[in-house]
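Chemist: So the sequence lines, in the order shown, correspond to chains E and D. For the first sequence, this note's numbering assigns the number 8 to the initial residue and increments by one for each residue that follows. For the second sequence, this note's numbering assigns the number 8 to the initial residue and increments by one for each residue that follows.
Derived from the structure by calculation, the hints contain no laboratory data. Honestly, I wouldn't trust all of these hints.
[Claimed, not checked] Below are the PhoX-like pairs computed for lysine-lysine, each with C-alpha atoms no more than 25 Å apart in a straight line:
#, chain 1, residue 1, chain 2, residue 2
1, D, Lys36, E, Lys36
2, D, Lys119, D, Lys94
3, E, Lys119, E, Lys96
4, E, Lys129, D, Lys36
5, E, Lys94, E, Lys119
6, E, Lys36, D, Lys129
There are 2 protein chains.
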Amino acid sequence: MTPERFNRLRATLDKRQPDLTVLTDYVHKGRNLSAIVRTADAVGVGDVHCVIGDKDYRSFRGTALGSHRYVKVHRYRELQSPVSELKAKGFQIVAAHLSEQAVDYHDVDFTKPTALLMGAEKDGISDEASELADIHVTVPMVGMVESFNVSVAAGIILSEARHQRELAGLYQQQRIDQAEYELLFFEWAHP
Amino acid sequence: MTPERFNRLRATLDKRQPDLTVLTDYVHKGRNLSAIVRTADAVGVGDVHCVIGDKDYRSFRGTALGSHRYVKVHRYRELQSPVSELKAKGFQIVAAHLSEQAVDYHDVDFTKPTALLMGAEKDGISDEASELADIHVTVPMVGMVESFNVSVAAGIILSEARHQRELAGLYQQQRIDQAEYELLFFEWAHP
Ligand SMILES: C[S@@+](CC[C@H](N)C(=O)[O-])C[C@H]1O[C@@H](n2cnc3c(N)ncnc32)[C@H](O)[C@@H]1O
Ligand SMILES: C[S@@+](CC[C@H](N)C(=O)[O-])C[C@H]1O[C@@H](n2cnc3c(N)ncnc32)[C@H](O)[C@@H]1O
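Starting from the given sequences, assemble the full structure and let the hints guide the process.
Modeler: This is the structure in structure tokens:
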């Protein structure tokens with residue numbers, strides 16, 4: 008391994024945020040999932056949780072749907088179980104959802120343990136997801152379109168989360184525990 | 008026309024920002040261009056300038072590459088002419104470019120007349136574009152990936168521009184001139 012690569016792996020692990028994650032609610036286009044996972048990596052998110060429909064689940068089983076060398080993509084057939092797990096760990100569930108009660112994405116505290124929930128390309132956030140969420144956030148729009156592409160919306164909100172966490176110093180200290188750090192370093196370093 | 012649609016068209020025209028635009032430097036995937044144009048509309052940008060290669064230019068001639076009902080997409084075969092036109096109108100050219108001299112995207116004044124220049128999927132900002140730009144901006148990244156998807160990067164930076172312009176009150180007053188307003192209203196209202 009070159010020293011550059013060694014340093015790069017460590018710099019990434021040094022900044023991973025175990026208390027920030029993305030949850031997708033039936034987002035099913037591979038290129039959207041891939042872009043979301045790529046953005047997750049870029050802001051220090053090491054785990055992404057994807058609820059995908061039965062049909063997609065079967066057809067994508069064993070394939071690389073949204074998979075990424077440095078981000079773990081966990082797949083589910085329904086939303087309840089990942090939400091319960093995350094809530095049990097103290098995560099707030101923040102749904103990107105253009106509902107009546109949604110707040111501006113700048114007004115959410117993303118330094119708290121947070122799972123950002125993104126809705127499906129066509130149907131958006133499901134009723135179930137809307138109810139399970141603790142907060143709804145919106146990215147204000149001033150044009151004729153009704154919404155952003157889902158991977159663009161995720162990028163906008165995750166960048167705000169990164170910015171808040173940078174200001175709070177959360178990238179300046181190791182956030183994942185030492186055992187996890189060493190395990191990931193080992194996995195990444197030995198292809 | 009329904010009263011809802013009438014109001015929607017007017018609300019959009021009321022917020023259009025004639026001094027904010029996007030310029031793409033050989034971005035060539037249709038879905039990336041479409042996502043960029045959709046985001047442009049959402050932040051009040053009514054004109055997008057796309058430099059596309061000779062090959063793409065020929066194959067996309069007459070097709071809907073990135074085209075949009077409410078955003079004018081201007082296509083060019085090289086970068087010099089749109090840049091000269093925009094500079095002559097007083098626009099700063101802000102290149103999204105991971106260069107040594109790049110500044111954080113929060114540190115650019117997007118309330119000034121601005122053209123945001125986005126680079127190609129594989130090659131990024133060309134040397135020519137890098138030199139023509141007044142400023143280079145970067146969206147900080149803390150992971151293993153080298154860059155965001157181009158439409159995601161555009162969305163992140165344009166949202167910051169929208170946010171700054173909102174704080175500066177630029178969406179609270181009609182910004183396009185009355186003749187343009189009426190012309191666009193007429194075009195949009197009569198399909
Ligand atoms: C293409 S949109 C879905 C649009 C769908 N027709 C609806 O009404 O929700 C896909 C997802 O992107 C996210 N999204 C898109 N634009 C957004 C915005 N302006 N604010 C918050 N989330 C947004 C939401 O998670 C949404 O469910
Ligand atoms: C996929 S990237 C190109 C990557 C290319 N290999 C390079 O080195 O520039 C496509 C375009 O998205 C924009 N972009 C992507 N990530 C960015 C970031 N972190 N900061 C600023 N612009 C970015 C830039 O305009 C870039 O040219």
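Chemist: None of the hints should be skipped; say for each whether it holds.
Modeler: Hint check:
no., hint, in the structure
1, Lys36/D x Lys36/E, "holds, 16 Å"
2, Lys119/D x Lys94/D, "holds, 12 Å"
3, Lys119/E x Lys96/E, "holds, 12 Å"
4, Lys129/E x Lys36/D, "holds, 21 Å"
5, Lys94/E x Lys119/E, "holds, 12 Å"
6, Lys36/E x Lys129/D, "holds, 21 Å"
Hint compliance for this structure: no hint is broken.
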